[in-house]
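The chain contents come next:
Number of protein chains: 2
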Amino acid sequence: MPDQLTLHEDPRSGNCYKIKLTAALLGLPLATKQYDILRGETRTPEFINSINPHGRIPVLQIADASGSRFLPESNAACWYIAEGSMLIPEERFARAEMLRWMFFEQYSHEPNIATMRFWLQFVGEANLSDQQKSQIMAKRVAGAEALRLLDEHLVKNHWMVGDTVSLADIVLYPYTHVAEAGGFALRDHGAICAWIKRVEALPGFVAMM
Amino acid sequence: MPDQLTLHEDPRSGNCYKIKLTAALLGLPLATKQYDILRGETRTPEFINSINPHGRIPVLQIADASGSRFLPESNAACWYIAEGSMLIPEERFARAEMLRWMFFEQYSHEPNIATMRFWLQFVGEANLSDQQKSQIMAKRVAGAEALRLLDEHLVKNHWMVGDTVSLADIVLYPYTHVAEAGGFALRDHGAICAWIKRVEALPGFVAMM
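Chains as they are written, first to last, in this note's numbering: chain A, 34 to 242; chain B, 34 to 242.
Simulated from the structure, these hints should not be mistaken for laboratory data. These numbers were taken from a predicted model, which means no experiment stands behind them. Quick reminder that beta carbons are idealized off the backbone N, C-alpha and C, glycines included. A portion of the hints provided could be inaccurate.
To be verified - Below, simulated DSSO-like cross-link-like pairs (lysine-lysine); rule was C-alpha separation at most 27 Å, straight line:
(1) A/Lys172 <-> B/Lys172
(2) A/Lys172 <-> A/Lys230
(3) B/Lys66 <-> B/Lys53
(4) A/Lys189 <-> A/Lys230
(5) A/Lys66 <-> A/Lys53
(6) A/Lys53 <-> A/Lys230
(7) B/Lys230 <-> B/Lys172
(8) A/Lys166 <-> B/Lys66
(9) B/Lys172 <-> A/Lys166
(10) A/Lys172 <-> B/Lys189
(11) B/Lys189 <-> B/Lys230
(12) B/Lys53 <-> B/Lys166
Stated by the list, open to error - Output of the computed footprint for chain A on chain B, the stretches with three or more beta carbons under 8 Å from beta carbons of chain A:
(13) 73-85
(14) 103-112
(15) 140-151
(16) 166-176
Said to hold, decoys possible - Sample of chain A residues with no beta-carbon within 10 Å of chain B, all distances over it, derived:
(17) Thr77
(18) Glu130
(19) Glu143
(20) Met170
(21) Phe238
(22) Val239
Pulled out of the complex, with its shape left as it was, chain A reads as follows (with noise of 0.2 Å):
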């Protein structure tokens, strides 16, 4: 019995989407299990005790004849569902960078981009307390220095890593695509928005809502 693959998720959450997407493009059933985050419903005892101690989602679930492991942080997923499949390149140095750029995501790009566009578009500007407010100078800074670096490499390259898709294509689409929401211009960023393309344009492709 192949292993059993279920997602704990936020339909809202380009972390969580990432994971379905990288398993359509395998073409790999993904069961989903849905919370709200934004009613905490990844805080409750039951899900810090059974699902994840950190409280968060998204979490991949992994179920086989011998009982269930839980496996968080949405890059680690993609790459437990990838193991294996034409989405990691082989040689080493290709594998380091496309790590590079998974890194690059969670590290410059998620925590601009996709929380810019969690508290415009999902919590609201006059919701926000005084200190996400002060960070928002610097959030929309450094989200624009990450889609320029990213828009730089695009200018001379296809796709992240090589010549074909790779998860590091997988992991930055999802928070680039809808960057607009977080108050990011992407029209002025011509190779993301023809990469944009490109990887919609992927056969098993399915989109993010």
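We have chain A already, so just place chain B on it with the hints.
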């Protein structure tokens, strides 16, 4: 000829140190070139054009007969160096779990614990901008939560993944063992303190500064 590895680094950076620690534990030679980030030495046009367009260290330079390639992002550089070694588990779930903790390190641990150390020990609290000062409370809370999760995991496990050291331990050790420089208390976390001693007892271990 094997690849010749050079680390572009600031020796005060735990992100740079983790790469040196990986190489040391594997007995691999690693040349270094130093930069002072406080003096902007990684933001020069020369650095940006030839080493890393993001203007950041660490960067691992990999030279062979055909030229040099440059790999930013500390955890990707650790992966490159450790590929094929005992520091990366072979088993599929263990490998993904190792990556889970490496992404946790960059997303939930480093931005709080390393940043607080950098601000308090190297920049100085009096020299922080208002924007930085306004983030201190949130970083204290999030950093303490990251240490709590780490401790909770290490109460039940000797190593982060499986029953032996992996890159997950190597990348979490640097900023954890100096967390007190950022104002975080380690003495409440007995399991972290015991794990720190286990890491420091590894054959080939080298200290940070």
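Check whether the Cα positions of B/Lys189 and B/Lys230 lie no farther apart than 27 Å. holds, 16 Å
Starting from A/Lys172, check that the Cα of B/Lys189 is at most 27 Å away, please. violated, 37 Å
Against the 27 Å threshold, does the CA-CA distance of B/Lys172 and A/Lys166 hold or violate the hint? holds, 15 Å
Given the hint that A/Lys172 pairs with B/Lys172, test it: the Cα-Cα distance must not exceed 27 Å. At roughly 15 Å apart (the allowed maximum being 27 Å), B/Lys172 and A/Lys172 satisfy the hint.
Mind checking the alpha carbons of B/Lys230 and B/Lys172 for me, to see if they're no more than 27 Å apart? Within the cut-off at roughly 26 Å; holds.
A cut-off of 10 Å on Cβ-Cβ distance, and A/Phe238 was said to be off the interface with chain B. Does that hold? Non-interface label on A/Phe238 holds, nearest chain B Cβ at 23 Å vs cutoff 10 Å.
Regarding the pair A/Lys53 and A/Lys230, is the alpha-carbon distance no greater than 27 Å? Distance of about 18 Å is within 27 Å: holds.
Regarding the assertion that A/Met170 does not contact chain B, is the least Cβ-Cβ distance greater than 10 Å? violated, 7 Å
For A/Val239, is the shortest beta carbon distance to chain B beyond 10 Å? holds, 22 Å
Is A/Lys172 within 27 Å of A/Lys230, Cα to Cα? holds, 26 Å
A/Lys166 and B/Lys66 were given as a pair; does the straight-line alpha-carbon distance stay at or below 27 Å? Violated, because 39 Å separates the two Cα atoms, which is more than 27 Å.
Regarding the assertion that A/Glu130 does not contact chain B, is the least Cβ-Cβ distance greater than 10 Å? violated, 7 Å
Hint compliance for this structure: hints 8, 10, 12, 13, 18, 19, 20 are broken, all remaining hints hold.
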